[in-house]
Amino acid sequence: MSLMKYFLLSLLIFNCLLASAQDGTPVFLKWKVKPGEAMAYKTVMTDVDTAQNKIMSFPGMGKMGPDSTEVNKFMKTLMQANKQLQENGYITTLTSKDGSTIVVEMRLDNSEQSVPKTDTAKTDSTFAPFKTLMMVMGANALMLRGVIDNYGEIKSFYLSNGQKNLIALWFQLPGREVKIGDIWPLDVHLVSADQNFICDSSYRKNEVKVVNISRKDGDEVVTLQYDIIEYISGTMESPFTNKPAKTTMNYTFQALANFSIAKGKWINYNGIMSINSTGMISMRQKQRFALIPQ
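Under this note's numbering, the first residue of the sequence shown is numbered 1038, with each subsequent residue one higher.
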């Protein structure tokens, strides 16, 4: 066989493989959790770009009087404890009794580190309940519990918004056949405000998109791209100054994840959650969200 014929044959084979990987054939994403078994993920929620992160502040707190010192001490202790919890990480497990209803639970991962080392022994009685909480949280504390079905639909509608957001971001699936280019929304609500907020402008984008489907060794791996933005701008009356404060809240979540159709699970999942708010609550934070199969 001449070199030219070999090249043309190789090119033909490559094009056929490429066409088969992107032939438009739809796939169905479905969790496959066997009864009596657990599907586990090392769960990462850690700060990135910590030099740019900013602890929340409230306009007018300096005018609160001597008690504001205790508030600041408490906030610093809380941030230190949060850092310890991030360093420990979490383990999220999916279990099922019947193969269709799936319980999602996230607990602290104490396999490598023990109780958070926040030193509350030297603080006064203001921190006693907090110290007790830290001790309990060191004992494999349950941080999240919800229910989905094997099609990725959230069944625990009663959850608080923050908990339901986490389950939706990590485990909600489209519940229908999808192909490359298909888009659907998640049941997440990252930004919230009460009656004291007067909105001037808002923007929301909520998309999960199939960007690739690869087929190899009898499996189909679906690559999903997450693009979520929630933004509001307006005014809110400060309880410290009794004056309206210009307030903005901007949440974004960007992620890429690969789902195995044959195994019915994530192969990998990596995302970034960014928070930037000004005014009534001033905060800047960027966190890595990841699921690592165990």
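FYI, nobody ran anything at the bench for these hints, they're computed from the structure. All values derive from a computational prediction rather than experimental measurement. There's no promise every hint is true.
Restricting the straight-line Cα-Cα distance to at most 30 angstroms, the calculated cross-link-like pairs of lysine-lysine (DSBU-like) are [said to hold, decoys possible]: (1) LYS1283 <-> LYS1192; (2) LYS1069 <-> LYS1192; (3) LYS1280 <-> LYS1192; (4) LYS1253 <-> LYS1283; (5) LYS1071 <-> LYS1253; (6) LYS1253 <-> LYS1201; (7) LYS1302 <-> LYS1246; (8) LYS1300 <-> LYS1280; (9) LYS1283 <-> LYS1069; (10) LYS1079 <-> LYS1069; (11) LYS1192 <-> LYS1134; (12) LYS1283 <-> LYS1246; (13) LYS1253 <-> LYS1323; (14) LYS1079 <-> LYS1302; (15) LYS1067 <-> LYS1283; (16) LYS1242 <-> LYS1134; (17) LYS1201 <-> LYS1300; (18) LYS1283 <-> LYS1071; (19) LYS1300 <-> LYS1079; (20) LYS1201 <-> LYS1079; (21) LYS1300 <-> LYS1253; (22) LYS1201 <-> LYS1216; (23) LYS1192 <-> LYS1079.
(request) With a cut-off of 30 angstroms on the C-alpha distance, tell me whether LYS1283 and LYS1069 pass. (result) Violated, because 48 angstroms separates the two Cα atoms, which is more than 30 angstroms.
(request) Could you grab the alpha-carbon distance between LYS1253 and LYS1283 and see if it respects the 30 angstroms cut-off? (result) violated (53 angstroms)
(request) Would you mind confirming whether the straight-line C-alpha gap from LYS1300 to LYS1253 stays at or under 30 angstroms? (result) At roughly 13 angstroms apart (the allowed maximum being 30 angstroms), LYS1253 and LYS1300 satisfy the hint.
(message) Would the hint linking LYS1300 and LYS1079 be met if the CA-CA limit is 30 angstroms?
(response) holds (17 angstroms)
(request) For the pair we were handed, LYS1069 and LYS1192, check the Cα-Cα distance against 30 angstroms. (result) holds (17 angstroms)
(message) Between the alpha carbons of LYS1201 and LYS1300, is the straight-line distance 30 angstroms or under?
(response) holds (25 angstroms)
(message) Given the hinted pair LYS1280 and LYS1192, is their Cα-Cα distance within 30 angstroms?
(response) violated (42 angstroms)
(message) Hint check: LYS1079 vs LYS1069, CA-CA at most 30 angstroms. Holds or violated?
(response) This hinted pair holds, its Cα atoms lying about 18 angstroms apart.
(message) Check the hint pairing LYS1300 with LYS1280 against an upper bound of 30 angstroms on the C-alpha distance.
(response) violated (56 angstroms)
(message) Need the status of pair LYS1253, LYS1323: alpha-carbon distance at most 30 angstroms?
(response) violated (35 angstroms)
(message) LYS1067 and LYS1283 were given as a pair; does the straight-line alpha-carbon distance stay at or below 30 angstroms?
(response) With Cα atoms ~45 angstroms apart, LYS1067 and LYS1283 exceed 30 angstroms; violated.
(request) Could you grab the alpha-carbon distance between LYS1192 and LYS1134 and see if it respects the 30 angstroms cut-off? (result) Between LYS1192 and LYS1134 the Cα gap is close to 15 angstroms, so the pair holds against 30 angstroms.
In summary, the structure is inconsistent with hints 1, 3, 4, 6, 8, 9, 12, 13, 15, 16 and 18 from the numbered list given earlier, while agreeing with the others.
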